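Trainee: Take a look at the letters that make up each chain.
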Amino acid sequence: MADMIEVNDLIVRFGEVQAVKGVSFRVGTGENFGLVGESGSGKSTVLRALSGLNPDWSGDMVIAGQGLTPHRSRDFYRRVQMVFQDPYGSLHPRQTIDRILSEPLLVHGMRDVDQRIARGLNEVALPQTARFRYPHQLSGGQRQRVAIARALMSEPEVVLLDEPTSALDVSVQAEVLNLLADLQQARGLTYVLVSHNLAVVAHLCKRIAVMQGGQIVETITAEDLRAGRTKHPHTAALRELSVELEEPEGTAA
Amino acid sequence: MLVEIRNLRVQFPTATGLSDAVRDVSLTLGQEKLGIVGESGSGKSLTARSIMRLLPGNARISADRLAFDGIDLLRADEATLRKIRGGRAGLIMQDPKYSLNPVMTAGAQIAEAWRVHRGGSRKAAGQAALDLLTQVQIRDPERVARAYPHELSGGMGQRVMIAMMLAPDPELLIADEPTSALDATVQAEILRLIEDLVSRRGMGLILISHDLPLVSHFCDRVAVMYAGRIVEELAANELTRAKHPYTRGLLDCLPSLTHPQARLKVMQRDPSWLT
Numbered sequence: 104m105a106d107m108i109e110v111n112d113l114i115v116r117f118g119e120v121q122a123v124k125g126v127s128f129r130v131g132t133g134e135n136f137g138l139v140g141e142s143g144s145g146k147s148t149v150l151r152a153l154s155g156l157n158p159d160w161s162g163d164m165v166i167a168g169q170g171l172t173p174h175r176s177r178d179f180y181r182r183v184q185m186v187f188q189d190p191y192g193s194l195h196p197r198q199t200i201d202r203i204l205s206e207p208l209l210v211h212g213m214r215d216v217d218q219r220i221a222r223g224l225n226e227v228a229l230p231q232t233a234r235f236r237y238p239h240q241l242s243g244g245q246r247q248r249v250a251i252a253r254a255l256m257s258e259p260e261v262v263l264l265d266e267p268t269s270a271l272d273v274s275v276q277a278e279v280l281n282l283l284a285d286l287q288q289a290r291g292l293t294y295v296l297v298s299h300n301l302a303v304v305a306h307l308c309k310r311i312a313v314m315q316g317g318q319i320v321e322t323i324t325a326e327d328l329r330a331g332r333t334k335h336p337h338t339a340a341l342r343e344l345s346v347e348l349e350e351p352e353g354t355a356a
Numbered sequence: 118m119l120v121e122i123r124n125l126r127v128q129f130p131t132a133t134g135l136s137d138a139v140r141d142v143s144l145t146l147g148q149e150k151l152g153i154v155g156e157s158g159s160g161k162s163l164t165a166r167s168i169m170r171l172l173p174g175n176a177r178i179s180a181d182r183l184a185f186d187g188i189d190l191l192r193a194d195e196a197t198l199r200k201i202r203g204g205r206a207g208l209i210m211q212d213p214k215y216s217l218n219p220v221m222t223a224g225a226q227i228a229e230a231w232r233v234h235r236g237g238s239r240k241a242a243g244q245a246a247l248d249l250l251t252q253v254q255i256r257d258p259e260r261v262a263r264a265y266p267h268e269l270s271g272g273m274g275q276r277v278m279i280a281m282m283l284a285p286d287p288e289l290l291i292a293d294e295p296t297s298a299l300d301a302t303v304q305a306e307i308l309r310l311i312e313d314l315v316s317r318r319g320m321g322l323i324l325i326s327h328d329l330p331l332v333s334h335f336c337d338r339v340a341v342m343y344a345g346r347i348v349e350e351l352a353a354n355e356l357t358r359a360k361h362p363y364t365r366g367l368l369d370c371l372p373s374l375t376h377p378q379a380r381l382k383v384m385q386r387d388p389s390w391l392t
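These protein sequence lines map, in sequence, to chains A and B. Here the numbering used here is used: position 34 in the first sequence is 137, and no number is missing along the way. Here the numbering used here is used: position 150 in the second sequence is 267, and no number is missing along the way.
Warning: the hint list may mix true and false statements.
Said to hold, decoys possible - Listed below are the simulated SDA-like cross-link pairs for lysine to any residue, each with C-alpha atoms no more than 25 Å apart in a straight line:
{"hint": "1", "chain 1": "A", "residue 1": "Lys124", "chain 2": "B", "residue 2": "Ser270"}
{"hint": "2", "chain 1": "B", "residue 1": "Lys214", "chain 2": "A", "residue 2": "Glu141"}
{"hint": "3", "chain 1": "B", "residue 1": "Lys382", "chain 2": "A", "residue 2": "Lys124"}
{"hint": "4", "chain 1": "B", "residue 1": "Lys382", "chain 2": "A", "residue 2": "Leu241"}
{"hint": "5", "chain 1": "B", "residue 1": "Lys214", "chain 2": "B", "residue 2": "Arg346"}
{"hint": "6", "chain 1": "B", "residue 1": "Lys214", "chain 2": "A", "residue 2": "Gly162"}
{"hint": "7", "chain 1": "A", "residue 1": "Lys124", "chain 2": "B", "residue 2": "Gly271"}
{"hint": "8", "chain 1": "B", "residue 1": "Lys360", "chain 2": "B", "residue 2": "Asn124"}
{"hint": "9", "chain 1": "B", "residue 1": "Lys214", "chain 2": "A", "residue 2": "Asp285"}
{"hint": "10", "chain 1": "A", "residue 1": "Lys309", "chain 2": "B", "residue 2": "Asn124"}
{"hint": "11", "chain 1": "B", "residue 1": "Lys360", "chain 2": "A", "residue 2": "Leu348"}
{"hint": "12", "chain 1": "B", "residue 1": "Lys200", "chain 2": "B", "residue 2": "Ser270"}
{"hint": "13", "chain 1": "B", "residue 1": "Lys214", "chain 2": "A", "residue 2": "Asp189"}
{"hint": "14", "chain 1": "B", "residue 1": "Lys214", "chain 2": "A", "residue 2": "Val120"}
{"hint": "15", "chain 1": "A", "residue 1": "Lys309", "chain 2": "B", "residue 2": "His376"}
{"hint": "16", "chain 1": "A", "residue 1": "Lys124", "chain 2": "A", "residue 2": "Arg177"}
{"hint": "17", "chain 1": "B", "residue 1": "Lys360", "chain 2": "B", "residue 2": "Lys214"}
{"hint": "18", "chain 1": "B", "residue 1": "Lys214", "chain 2": "A", "residue 2": "Gly143"}
{"hint": "19", "chain 1": "B", "residue 1": "Lys382", "chain 2": "A", "residue 2": "Ala330"}
{"hint": "20", "chain 1": "B", "residue 1": "Lys200", "chain 2": "B", "residue 2": "Asp286"}
{"hint": "21", "chain 1": "A", "residue 1": "Lys309", "chain 2": "B", "residue 2": "Thr375"}
{"hint": "22", "chain 1": "B", "residue 1": "Lys200", "chain 2": "B", "residue 2": "Ser157"}
{"hint": "23", "chain 1": "B", "residue 1": "Lys382", "chain 2": "B", "residue 2": "Arg358"}
{"hint": "24", "chain 1": "B", "residue 1": "Lys214", "chain 2": "B", "residue 2": "Leu310"}
{"hint": "25", "chain 1": "A", "residue 1": "Lys309", "chain 2": "A", "residue 2": "Val120"}
{"hint": "26", "chain 1": "B", "residue 1": "Lys382", "chain 2": "A", "residue 2": "Val165"}
{"hint": "27", "chain 1": "A", "residue 1": "Lys334", "chain 2": "B", "residue 2": "His376"}
{"hint": "28", "chain 1": "B", "residue 1": "Lys382", "chain 2": "A", "residue 2": "Ala289"}
For the record, the hints were derived by calculation from the structure and aren't laboratory data. Source: prediction; values computed, not measured.
Start from the sequences and build out the full structure, keeping to the hints where you can.
Mentor: In structure tokens, the structure reads:
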């Protein structure tokens, strides 16, 4: 399996502060790769540098065999898409869902706008009636489905997911995680998922990188993480906390 | 009893008549820790905010009894309510980024809360602010007191918020999703801090959240709300014995690190839960 994403010695600076200090990882085609860590560990910054939202970086990043430069081609933005944490903030409040979903199609000069939007809504299990609604008329879960549908409009190969379910209720989180798994199966997508929730990342990803202070301290398989075969103390600490808090009180005894 | 609620109803006018947001909710709270769990729109925040009469202007509220320490909140005048709000009952909100004043230093905001409810000199209030910051386990209280909210991390901002709420020495603390904007590690620290402060000061706590297992670690009792009603109330350590299918659904749909599932269970909502 060829590597879809290759990152070597990525450094991201914000003025004097080095937010990402030499991060390297590879993600195979069709693989799910997870990045976990606390706030400020640099996990979202890595994702934003990959997506082209942060042009001030150094190091090597390769996606599908193409080296990335600070300035990206239009084709890059078609092949790599991103879903953000907050479905309330990431959709234009004055645009209908139809307009939101047609934008990537117009930008990339794709045809059959009408059918593609209808298909897109179907794919994320939204009713066709949602098409001429505004974001505020939809629930949080429905909005996140719109954000996912928008990311898929340009038929990308890579989808970058930045905490896609942290703003959602747990019952809606389950639906969105199942949807993401189904879409990947159907389209052979490559995901990079950033989250602070270990259980969510381990559910979706086979391989997980743990970040602390701008560096990857450990790359671990979901299986090893579940079994507690951790090498770095930070991974062990994150795992312990997650296990302790996920069990309802009274089950441990 | 610190809080008594009997048959609380909160309604909002809509184009098609009054819509019920909270329906026949009854609760009592002493010096204990109560968790209210439910999804967005279940009425958990409205229920807690009713205790402070902090509802949106168009809300219609009615109850057979709604009392704080024996004071009838439905008949209380604004002056009485003002003493309760932020004084005898503190409210910690979700996001310190939006709930702190962005153009006042952390120390000044805490000192203001102290002076409004307790009086005293500016200097005494400043000293009290530093003392409160130490109590919420901030290592460098002088630096944090001088900082503006945007200079603080989410966890630090939430500690400042807690310090401010503790200033008037309240009897009840309402924490409305106090950690949803924070990551897992900080979340645990803040909840432990709240739990510890509540126990030591002998306060009552209402902790509102959508994370059922999490809440059970920090509360004595948990009330589960669905569509404006309490569908089940149980001791926190009996969560695994929950009977209502909604409560079971909330527990089952969480991804778990120790019990992997190929596919997550999705909540099947039964229309009969609404009646």
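Trainee: Is the hinted pair Lys360/B and Leu348/A satisfied, with a Cα-Cα distance of at most 25 Å?
Mentor: With Cα atoms ~21 Å apart, Lys360/B and Leu348/A stay inside 25 Å; holds.
Trainee: For Lys360/B and Lys214/B, compute the direct alpha-carbon distance and say whether it is at most 25 Å.
Mentor: Given pair Lys360/B, Lys214/B is violated - Cα atoms ~38 Å apart, limit 25 Å.
Trainee: What's the verdict on Lys382/B and Ala289/A, does the C-alpha distance respect the 25 Å limit or exceed it?
Mentor: holds, 20 Å
Trainee: Mind checking the alpha carbons of Lys200/B and Ser157/B for me, to see if they're no more than 25 Å apart?
Mentor: violated, 30 Å
Trainee: Please work out if Lys382/B and Arg358/B have their alpha carbons no farther apart than 25 Å.
Mentor: Given that 25 Å is the threshold and the Cα spacing comes to 18 Å, the pair holds.
Trainee: What's the verdict on Lys214/B and Asp189/A, does the C-alpha distance respect the 25 Å limit or exceed it?
Mentor: holds, 15 Å
Trainee: Can you confirm whether the C-alpha distance between Lys382/B and Ala330/A stays at or below 25 Å?
Mentor: Holds, at about 22 Å.
Trainee: Assess, step by step, whether the Cα of Lys334/A is no farther than 25 Å from the Cα of His376/B, and give holds or violated.
Mentor: holds, 21 Å
Trainee: Against the 25 Å threshold, does the CA-CA distance of Lys309/A and His376/B hold or violate the hint?
Mentor: With a Cα-Cα distance of about 15 Å, the restraint between Lys309/A and His376/B holds, given a limit of 25 Å.
Trainee: Holds or violated: Lys309/A with Val120/A, Cα cutoff 25 Å?
Mentor: Violated, at about 32 Å.
Trainee: Take the C-alpha atoms of Lys309/A and Thr375/B, compute the straight-line distance between them, and say whether it is at most 25 Å.
Mentor: With Cα atoms ~15 Å apart, Lys309/A and Thr375/B stay inside 25 Å; holds.
Trainee: Measure nothing beyond the straight line between the CA atoms of Lys124/A and Gly271/B; if it is 25 Å or shorter, mark the hint as holding.
Mentor: It holds: about 23 Å lies between the C-alpha atoms, which stays within 25 Å.
Hints 3, 5, 6, 9, 10, 12, 16, 17, 22, 25 and 26, counting from the list given before, are not met by this structure.
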